[in-house]
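> Take a look at the letters that make up each chain.
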Amino acid sequence: MNKRHLAFLVISLVFLTGCEKGYLDDPKPTESVNASVVFESQDGVEAFMSGILRETRGQFTRTDSGGLYSMYFARVVKGNDLVLGYQWYLFDYENDNREPTYTRTTFSWEFPYYLINQINQLIKGVKNSNSLSDLEKDEFLGQAYAMRGFYYFQLAMEFQHTYSYDLSLPAPPIYNEPAIEGKAMSTLGELYDFILADLNAAVETAPASRINKSYINQNVAYAILARVHQVMGNWQEAANAASIARQGYPLNPVQYGLGFDDMNASEWIWAMPQRDDQTNYFYIAPHAFTDNINDGYGLAFWNKEFVSLFTPTDVRNTFIDLYNVGDSDLYYARASSKFTFDFSSDIPIIRSPEMLLIEIEANARLGKESEAANMLLALQQNRDPDAVASGNTGDALIEEILVERRKELYGEMGVEWFDAKRLRRGITRTGNHRVGSAANLLPDDKKFFLKIPQKEIDANDLIDDSVNTDR
Amino acid sequence: MRHYLVCQFLALCTPFILTAQQNVTVNGVIYDEFGMPLPGATVIEVGTVNGVSTDFDGNYSIEVLVGATLEYSYVGYQAQTKLADSANPINISLIPANELEEVVVVAFGTQSKQSIVGSVAVISESDIQAQPATTITQAIQGSVPGINVVNTGGIPGTNPTIRIRGVGSINASAAPLIIVDGAPFNGNLNSIAQEQVASISVLKDASSTSLYGSRGANGVIIVTTKSGTKATPTRISFSTVYGNSNMATPMHDLLEIDDYTRFFWEAYRNNELYVNQLSAVQAGVAASSNLVSALAYNPYGIDQPVDNQGNLSSAAIWNTDWKDAILNNNAYKVQNGISISGGSEKTNFYLGSNYIKEEGQVKTTYFERFATRLNIDTQVNDYIKSGLNLSYTTSKQNAPNQSGTSYSNSIQWIYTIPSYYPLYRRNVDGLIVNDPNGNPEFDYGNNNSQIVNGVRPALSNENGLGAIMNNEILKTRTYTSMNGYLKIDLLPELNFKSNVFYERATLDDFRYTHHKFGAASSVGGRVSQDRDYFTTLNAIQTLNYSNTLGAHTINADAIFESYRFEQNLLAAQGTGYLPNVRVLNGSTVPESVGGAVNEERILSAITRLSYNYDNTYFAEVSFRRDGSTKFSKDTRWGNFYSFGGSWILSNESFIDEIAWIDYLKFKFSYGELGNNRNIGFFPYLQVFDTGYNQLDNTGVISSEFVDPNLTWEKTALQNFGTEFTLFEGKLQGGIEYYSKESIDLIYDKPLALSTGNESIKTNVGAIKNYGIEFSFNSIVLKNDDLTVDLGINFSFDRNEITDLTQDEFINGTKKWKVGKSLYEFFIRESAGVDPTDGYQMWYKDVLTEDGEETGERTTTKDYSEATRYYLDKSSLPKMIGGFNANVSYKNFDLSALINFSFGSYVYDGVYASLMNGFESPGRNGHPDLKKRWQNPGDQTDVPLFLNGQNDFNATSSRFLFKNNYIRVRGLNLGYTFDEIWMEKYQIQGLRVFLQGDNLFTYQSHKGIDPEQAISGMTNYRSHQMKTISLGINVQL
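Here the protein sequences line up with chains D and X, keeping their order. With this note's numbering, you'll find the first sequence wraps up at 471, consecutive numbering, no jumps. With this note's numbering, you'll find the second sequence wraps up at 1036, consecutive numbering, no jumps.
Hints were generated in silico from the structure; no laboratory data involved. Quick reminder that beta carbons are idealized off the backbone N, C-alpha and C, glycines included. Check before you lean on any hint, since a few could be wrong.
[As the list claims (entries may be wrong)] Coverage of chain X stretches by chain D, computed from C-beta distances (three or more under 8 Å per stretch; other residues unrestricted):
| id | segment |
| --- | --- |
| 1 | 511-524 |
| 2 | 590-596 |
| 3 | 697-708 |
| 4 | 754-763 |
| 5 | 956-968 |
Bound-form chain X, shown alone:
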């Protein structure tokens, strides 16, 4: 026994004993191909696990055995070996490996870039870190061609809408599948800290996504988190960023109070004059005497603020600036991060922790997150490897409504309530009414006891500022995941990997509505709270065989995957609270309680076979069979497949002679994939929904009609592309053409309302997306002091309906018809304003007596008679893309990312509502109203004001605007301190930087954030923020 212990001890000490005896120290600098120092490059003593990496200036120092061989390597560069020599520094210039050796994260593993036959775009760590965003997917915007990223609304922590290569689905989800560290991610993406992400791969075509076949039809985004490097010293890195934000783009202008009052008078007068046929004098008198009673408030303090001629005769006592009251013009953003990473000879780890708090455009809005991640990999023995990624995130998002038409939506409030209405309660004489403590109270516009300054005609029983100050909408999320694997090398060519992923996301959605003011005041306040659990369990078993025999390389996978997702919902609501009590226990009347458990499962068997000959000819085939619980037993299994190939021409002798071609590759792929996402849990079952109780009796209601044979939506994708490097590495790029056709779309087909159903979910029709993508990168300049690196990418994407089971559907502002885009507007066309009476006109078709079109058009003032037309205007952009620049000069570095979108149209319903022309009292207006028609003969495109029901601002081309924009999304200027400084404070690296987000925006239609919904409809959304921050990054 003692002998054994001694042996153990000796075994443990051996490495130390050895190094203590015969070590030498080798120093040197590692440079890149341009002679610039390469920080983070690796030096390893061959045959051991002894290794170091270079510092910020490319310096390294390593103790090795005399006579050892050193291997110098860096990602993307060809490794070199040298004999250790302590006498002289060994300075190495690494040469970029054919960039093709670069390893890219793909479905169920990694591949070298050159072997990829599909379409995969990678956003590297450095690209991601150049623009620290709150949600990781923002990094994709403008970085990769063919991807439309739209940030709707300005609530921090909100995830953007992402569409890869067009919109391939209508009612099923058109969003890409998100994979984090190999497993499908069902949490909220805002729970991943960008700082902890190593790379993001975007898989666009069939061959790259087909292994996710059942859910890959809309593309796949693979997020890989950071890991440590084996045999490197442990490093600690701190970063902190502090920034200040305000709106990135201005909101629409609004009418001044006096204009509002006078214009309302005019609208009232016009209604009496033109509609009710009073004389001009009578109409003016009527308008003057009824103005205050119509508007219900009187900021002017005299009975008739506007005289019979429409002149204002006094100054307003109050003039509410709702924008200023509600918006936060001085929002802040703070982010602190710490990470520790490193590795011993067998184990490497990464531990990161990140805190962020960001305020939004509307007061009280913030997103706060604390994210921690620990990734460990270990080589258990010579044939078993294992690893575990753990993450825990908790976040809070206080987000008062800032989109939609709820009364409490702050943005709608600003656009709806004129400055004519007071912020604080006023008595009939216009004086502020204080509460018993002597403080002013918000005016909720529901004071029935006062006929003047009591009840607001619009949005009564609410106050725009009161809603955000008195109420609370707080979302608290926690996210935990465990992702472990065990990999066993069964044979040198055969390995087995088992991967188990468990994820639990919880959402606590808490809403408090004030006990004394607003919507719940009559019941003493309301608390509603949901607490939902989302649990995913995913298990993947992979058997991989790979072998090279001469010039033949074969790689085969057999994969078995089971996926289980469960949502467990609980909701409670109660009313009747004492002041300051905001928990359900304090409720007097329990209003409702609810809960449900739903589960979805998928079972999949997958094979992939790839082959290459001499690293020049590549072929790949894959097949996947999936069963989903979302479909009936008879229709639940779907077969998906893909195949593809590529040819590296530059490896052929006949290209070798062309000096300016360094690398040239052609590739193609084809495949058919599926989609079952976002269609509910059991969309094929006609059921009776519970919850419709009538007093004490249980009640059920029949669900809408269903199609019991509903099955997978399928998408056929094809991709042709080329990749090249030209002019001795100066220019790199790629061009790809894609076409993807989704058939058997899962769609809520509209039914005649008289059937009692609005729609039926069924497999109907087909749509096609096709386009061409370009990306170019060039190192324009590179010398000792100055490097200029530019990149541009853009794509032209088209969307077309290729099959429908009926002639056409009308879907809101769009009509779907074969040959047209899903997103082409089909609305009435404005024919301007009739100069004789100031009425809005629209076009309508002239029909023969048999109802046939004659091809001629005439105008009409009857909106319902007007014909709807295709206007050749789509809400999808014709071209999207991005431009990036990286410039470094001595210690300074500058990176900029610009993204742009051209050719889309937006229907600005918000502007339309501001142009309502005082149809009903108490609603705000836009200064463009000043151009209204006033007298017969006036030539204008703004109709007369009319305080009576009219369709002047009804949906028409009048409010359809071109929505081009260019946005400087990220601008980062940094300064890296010299070694001298760092040595003084014993730190490895120090960089300070200035970061600007959304610094400049050019937009063709002003007053909105140019990023609106894919459908091109505005919806009273808050704007994104422009943030200027100062940051520092220290490495120890």
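Isolated chain D (complex conformation):
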């Protein structure tokens, strides 16, 4: 072959290969889908909703700050009923974990906002969808508003005094749609208005049926609304919402003793499920931290004074003298078998007895004392066949209801902290605590809420260091 012909051949080859069409357009993402896949079908939005719920129970930061369950358990250990050994949540137990650089502070801020942004994207995408029917849109929006209201409610609780303290105080910023730029602090009043608006919209359109108990239905929306009204002191609204919320979730005392690890229990309204192949391993609270038998961290114990409130015939009396200390006041004198730890244990978020107790409390505060007392006795007798009416009225009845809340909900959602905060009482450590009076909380104590995280201040132009002055 003539060399010059060869030259032309290769030169044209060089330039021809350069013209290969679409060489740079071929590669496409394989591990993800785009917005049109998500928002143009019911299945797509449902997948996004599922993803958000999966993140609710994820492993966000570390063992004591993993998901919603760890927000709850950090509240549990602040109270007087649980005695914490040396393990995770140590400084929450000491009521000394609120500085701007601490993990708890950052987590309790970032985690709800992470989910709120996801929910806002879902709301925006669903509203703009061209393929979903109005009914489908409404049902999805109802679920989304319920979740958004729920997380703003958590932020309101964690980062400011309670509702009745001072509505003009600065509260976490409000985002009603996805935003790249950080917003300024709101006020507590604005925040509660926003929460109520979300939840009132949610109860209108949230669906009646759902895939399983980890999803939002109308009952869940009402249950969240009941809690918010309870904190706000809107007793009639609280009673109404709680009453609707618990419809279809009857009490079942037998299931109380089964380890609190199955969301199919009839009392469970909203839950975080787990499965062997979808587990959060040792993160899940309270199970991994309170089960002293199975292979978790264990090392959570119960105040002997609290244990003494239970009669032997009460199904909720799950307490045992695990280390055979007898009457000794060692902090590990009483363990509990309420929660069974396993990689597939489900975790309750809201149960119907709490709704019942909200209704009872509301009735009592609305002057319907006998109705309240009767309902309370019915609950007590459901738990303990030998229970008898106390005959309490007035403040004594309210106190009895509050004690019943502790007895019913211990370990679950931080009922002591929740009640002490909303009712502007303190928490006084008594009995065989490992850390006693040093961890006491006074009424309206600043330790009931956290400082604003430094990372937020550093990256948000509208919030500066002064936000933590006097916090």
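Start from chain D and add chain X according to the hints.
Same frame as chain D, now just chain X:
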């Protein structure tokens, strides 16, 4: 037909017939300019391919035709020719070619050193072989100025972090591009055996790297593997090295068990006394009675080992030496290599095979590799040349966690768990609990049935030794590459070369967690296994034109490159195993399964034009256009270019008169290059990630916010330099100034957490690196017996942020602000300990009522109130460099390589954790704690012990230390045997040597390996090893 066959036969025999008839033998010795024999020099019969090379003593013997001309040559020396004469030996003294004729591997080819207008540093074969390391890039450390090489951690087979001329990128990769035999390398660098490498070129400036424009912004490292020489006899070389290693630098000291116990008592007492306001007596009683329950273990066997006054009243039953239990103080290293190389008249080859096994600091840690390489080149006919490089490597790396904060990290374990906690399980009385076979069991600290000696307060459900003995973290890699080319001379001045490179790297990442003990015990053990394929296909078509017309020389290239990289990942995980079953098939519950295929492509068109006049004035221009799939259609194309020039002053008549200047060159270059590496495959797409399933329902989650207009990060580099040879070749050196500014950085810009996103990847801001580099080499002494050759190189590098879109970012321990370095610490400043109450204090600004700074400072004990300051301390060194010496005396030779780093600071978080002052139980302490505050009035910088939440050891200047070091990285003492010995055993060469790696280290901050992350943060990393080995090299 028969006629044809005969012709063939005759043609084949012709050379033999000819040599058989009229040959003479010529002998002689080839010397260098100092009269020292030159081994490996080449003697060729001109006009033929007949040739030999000299032996260890410079001897040669060649059979040639009578009347032939012989050409004597050696790399770096001027060739000489002589007429063949068999009567007398022809001894030749070669004279160094102007070192400028030296050929250097550069982008897409080679250039003579003198024609280079950019900044290229070469690490030659002899430099590389003087310090046999497991990973090739270690050879760069201290050998070339301006390059920061940091070996983080002591796991053998781990590649160092390399930064060429500062850190030019934040979130995109700041690592140099690696090119092996002309093609971008995507495998693990540890798959290349150092023994098989001929040279490493480091390209630092724009003009030298611009042909890799799209990915050359952070410099380029070109690795060239060995090849044979045409027309040389085949040589076989064997080498074997055996060595023994232990830690090169000591770890931090730790508290003794009795001190630990007494100090914890004090911390408990202090909390009761000062925080909970008990009386001194009550506080002491409380501390004594609660000590054992707080620590949960009792090595003393009595209820209250410490009395109310803080005195220890008994001796410990156990005293665990975790360091001794976990570390391997007698690690070994073995390396065996064999290579065969040679060439016929048209074909040359190199075949090398190398085995290495090296153990690390932590028990069970090792790296084992078998690397084979075959390189062949052949001249097909007078205008076609072709070659193929094949390599196959397989390696195993067993590497238990030895950095980071995983419970199973052995180093963290040593630094966290005090000797107070037992290695083996103990019952409540402190006696060892044996398993049914009568053997002690590791104590995992999770025995809920025992309130004493049952549950460890720190790192429970794990055991530092158990984690490495019972579990397995094994990485198995295979690496295959094929790199072939075909080169056609179309015209004498024009050639075409097509180069295709295929590479496949596989990684099998196997992890087994024990079925009975530790994290996976509750699910019967866990196996997780990833098997990932990384495939690269790269094709380069080059058209080269070069011509010399009188004093004008022109060289032009047109290059077209397409690059395709694919990763194919597969992962599976399952639990529930029987004892001794460690394969996924044995699992009862399949926990997860995953996989993905991702692909990246780049398409590039490149031109280069260079010109020189009379080998004195040089100019070079290049342009490259790249399209990358990592950016959207609108932003994917980037244009990159460079230009440069140089002037060899010493060729001018006015310099000729200056006797002491042998060679002098000035050069400059400027260019703009790009970076798209390490930013994911589709960083511009807002997508929904799969994998967030809720029970049986598919789940997706929105990715973080993205910038759809994300595009190439660009870097503008300029370089000014001089190279010189002075005093009749006695002193050589170079000085270069560089400045490189990266603009449109690809950066994860922090967002307010309340937006639900931590950051957004976007093109933000600019940073500048600038510095000056020096390198000097001198032959100090050279005579018949003794040669002393010294070299030093060092650089001063600075890093500065030149543009940000917002005033400042806080990034961990650094704050980024225009005018500051990326790596300048911005943390709270310790104000010491208040002598009245023993609390740690920090400084804070005094503000006016309007919140303005007054310029005054006061102290505070509230950490969150304390102000963060720039402390004028950066984690980047102010000066780095190396010193090397080569001394030979008679048959002995000694080479030493020392590298140093001055002016950087390290934040020692490990030391900070050891100074936690017993804030929470069960965590270890440093003996410096003995200096703690005890009584009002005590002047000390260690706060009181307090068993309650406090910020005493929170991040502050208290734990920021100067981190200067000098390390004798390689020391090699060899003895080459005389010819007499070799003749006796019929071998060509024999050398025995003693090699020391990391023999001595001077460091200003002790307790860590001085080489930590670029960011200057320690992270419970294992240390590099000090190795002493004995080796032998035989040539047949």
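> If a hint holds in the structure, say so; if it does not, say that too.
A quick look at each hint next to the structure:
no., hint, result
1, 511-524, "holds (count 4)"
2, 590-596, "holds (count 4)"
3, 697-708, "holds (count 8)"
4, 754-763, "holds (count 6)"
5, 956-968, "violated (count 0)"
Of the hints listed earlier, the one the structure fails to meet is number 5.
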